[in-house]
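Asks: What follows is the residue order along each chain.
There are 2 protein chains.
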Amino acid sequence: MQCHKKPVMPQGFSCSSKNCGLKEQGADLSLFYSKVPASAAAVFTRNQFPGAPVILGRELIQRGQLQAIVVNSKISNVGTGQQGIDNAAKTGQAAAKEMKIAPEDVIMSSTGVIGVQLPVELLEAGIQGMGQELQEDPLVAAEGIMTTDTYPKALSLSVGEATLTIVGKGSGMIEPNMATMLVYIFTDAKIAAPLLDQMLRTAVNQSFNMLSVDTDTSTSDSCVMMANGLAGEVDTEEFQKALDFACIEMTKMLARDGEGAGKLLVTKVKEAKTDQEARFIAKALVNSPLIKTMAYGADPNIGRILMAVGKCFDCTVVPEKLVCHINGTLVYQNSNRTNFDETAVRELLSGETVEIEVRLQVGTGQGTAYGCDLTEGYIKENASYYSS
Amino acid sequence: MQCHKKPVMPQGFSCSSKNCGLKEQGADLSLFYSKVPASAAAVFTRNQFPGAPVILGRELIQRGQLQAIVVNSKISNVGTGQQGIDNAAKTGQAAAKEMKIAPEDVIMSSTGVIGVQLPVELLEAGIQGMGQELQEDPLVAAEGIMTTDTYPKALSLSVGEATLTIVGKGSGMIEPNMATMLVYIFTDAKIAAPLLDQMLRTAVNQSFNMLSVDTDTSTSDSCVMMANGLAGEVDTEEFQKALDFACIEMTKMLARDGEGAGKLLVTKVKEAKTDQEARFIAKALVNSPLIKTMAYGADPNIGRILMAVGKCFDCTVVPEKLVCHINGTLVYQNSNRTNFDETAVRELLSGETVEIEVRLQVGTGQGTAYGCDLTEGYIKENASYYSS
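First to last, the protein sequences are chains V and Y.
Numbering of the first sequence is given in my numbering, commencing with residue 1 and proceeding in unit increments.
Numbering of the second sequence is given in my numbering, commencing with residue 1001 and proceeding in unit increments.
Accuracy of the hints is not assured; some may be wrong.
One side only, chain V facing chain Y, incomplete, derived with CB under 7 Å [said to hold, decoys possible]: (1) 81; (2) 115; (3) 293; (4) 297; (5) 310; (6) 313; (7) 314; (8) 316; (9) 317; (10) 321; (11) 324; (12) 327.
Hints are computed from structural coordinates only; laboratory data are not their basis.
For glycine and all other residues, C-beta sits at the position ideal for the given N, C-alpha and C.
Required output: the full structure, derived from the provided sequences and hints.
Replies: Have a look at this one:
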């Protein structure tokens, strides 16, 4: 399966973005629109301090139908009480008015600083006229949802006659759980809402839910999917495969552009007792600061791999059975470090992707997690980030 | 309660250290000795890849008696199979021979690189003569157990007629669990082994087990306690209080000297549903990279506090009830950021200790965790650390 060279919004979908005055420069407001109402599904953060748009979004998505998504960056509208809820609702109403659609068919997202009220009048004014500027390039809207991302992210691929397009943003405060950062998935395939929900959850489970930039779960994580049906029905199995693939590709894009990141870190765990244990260990590996700095420093530190597997106290681990590979090279088995060529492994580790594979030989469970290295850039970005 | 200005080994205890050739310079081998056999207790790492000394130590401590501890730094003797076990045993035997005591009264520790065999002949040769160099200053032996620590750590205090002294090392790969990094506790109080074990576990539970430098649990964590009885019996309750206090003080010393750390980070959680939930949330706060970089950057980022509490999915959290203080200043309540003086709070955050207090108002559970800020120094140290 392959992504298109240039992403495009599927048939009937369009988007626009603009600066409405939240950021000093650059787009801070994005609109996604389908010319017909679409089946819809969504998953949200499990964080217990969800943002106002997440609180409203959970209700809105119950109907399984959407026609537009409005997103602002810079301010996340989290920790803002009832006023925050009112402001999120007003934003959706303004978008509905602009597009002449039902307010309940518009879902909202906000990302940025927590604990600051949204200057909703800027959004209400900004939305006016956005309906006239709709385009087919998803990167236009991807720009408007960025915070500390270094570039806009979107990808498209084909499934039969249909197109599947994902627009996303990530960067920091990212270990989604039952949801993801901000990701919007559009397709012109015809899929009813209940099935769409099921397919989305399947895909998210092995992609965005296995992503961690820094172990911190955002209060605004949202992944919304719309299917407007304009390209007709598709083979369900084929579509699920495409959706899984596309979500994993976007997951890798988000990991690679994690705050300060220079490398994609992929941790694969095989032959664990259960899939659940494999996923837990893969996450422990991808989240370990010592593994992350090892990826950054390109040092094949086997000890840190053993340590990170070993600290999964409740998983079945038999030290004598552990087999480890770094970027395809066998580095540990039979309770001992192998006699691998260190210079060669250091070179592999210096590439753009570091892959650690751990085989436990205690069952058939497997799981893969995605993350990034930990560099001075992360510290710099987050120590100098001022909350007001 | 107060620590002595200058730590000293309790009556009957002594120690020495030397360079035996593992490190290029500086002490790498330490010996602790009691002139009479002492009651003993210990807790060890829960990591599933324990070092050879930990595997042997778990057996040795069963008898509840020790007379000496031998520790080397630079190589941890972890992931080294049967040869590693044999080498650890030989190290203990060499120490027993030098001190003319029973080999089963000597416990071993090793700290340093994982996955490398211990050049045991260097240790066997090095131990010879150490019995002649015994001293009463615990800092002498504290030197020999250091890895990336920036200074040797020891403290003493009095309990009635008895003295209580702790020697420790920490720095990185530190989130102990049911144990701690390398910590040795000596007292001349008379306490039988079963009670000693119970007292040690009580103290460790609220001190070293609530410490996290980087969420990574070492494979060598050991905390060994010896009580030789030379000062006679003590009031149990008073001794427990002193032991708790001393362990928390050592915990703070270890946190403050975490790799690259500039500040001690203390996170207090009150009025949680249970102590267990309070401890879990306190750990989530102290481990969050975004809280740690906020401490480093001295920015009162309330959003990161909400996020870290909120990502404790299985704890009882009612957003409307949350009350947060930073270094004593009220910063969040009633679902909103308070109108606090930001300049003043930034100044408080610029000090040597950052204290975040979260009151949940859903019960009576409480817990405090200890950690440090996350700085470029941690990245530098761990990205440039070469495993061979």
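Asks: Next, verify each hint and record whether it holds.
Replies: Structure-based check of each hint:
The beta carbon of residue 81 of chain V comes within 4 Å of a beta carbon in chain Y, closer than 7 Å, and the hint placing it at the interface holds. Taking 7 Å as the C-beta cut-off, the interface hint given for residue 115 of chain V holds, the closest approach to chain Y being about 5 Å. Nearest Cβ of chain Y to the Cβ of residue 293 of chain V: about 4 Å, under the 7 Å cut. The hint holds. Annotation: residue 297 of chain V was flagged as interfacial toward chain Y, and the flag holds, the nearest CB pair being 3 Å apart, inside 7 Å.
Interface restraint check for residue 310 of chain V: the shortest CB-CB distance to chain Y comes to about 4 Å, inside 7 Å, so the restraint holds. For residue 313 of chain V, the suggested interface contact is upheld, since its CB lies about 5 Å from the closest CB of chain Y, less than 7 Å. The interface hint given for residue 314 of chain V is violated, since its Cβ lies 10 Å from the closest Cβ of chain Y, which is over the 7 Å cut-off. At about 9 Å, the closest approach between the beta carbon of residue 316 of chain V and any beta carbon in chain Y exceeds 7 Å, and the interface hint on this residue is violated.
Hint status for residue 317 of chain V: holds, given a least beta-carbon distance of 4 Å to chain Y, under 7 Å. The beta carbon of residue 321 of chain V comes no nearer than 11 Å to any beta carbon in chain Y, farther than 7 Å, and the hint placing it at the interface is violated. A distance limit of 7 Å between C-beta atoms decides the matter here; for residue 324 of chain V the minimum to chain Y is near 10 Å, and the interface restraint is violated. For the restraint placing residue 327 of chain V at the interface with chain Y, the shortest Cβ-Cβ distance is roughly 16 Å, beyond the 7 Å limit, so the hint is violated.
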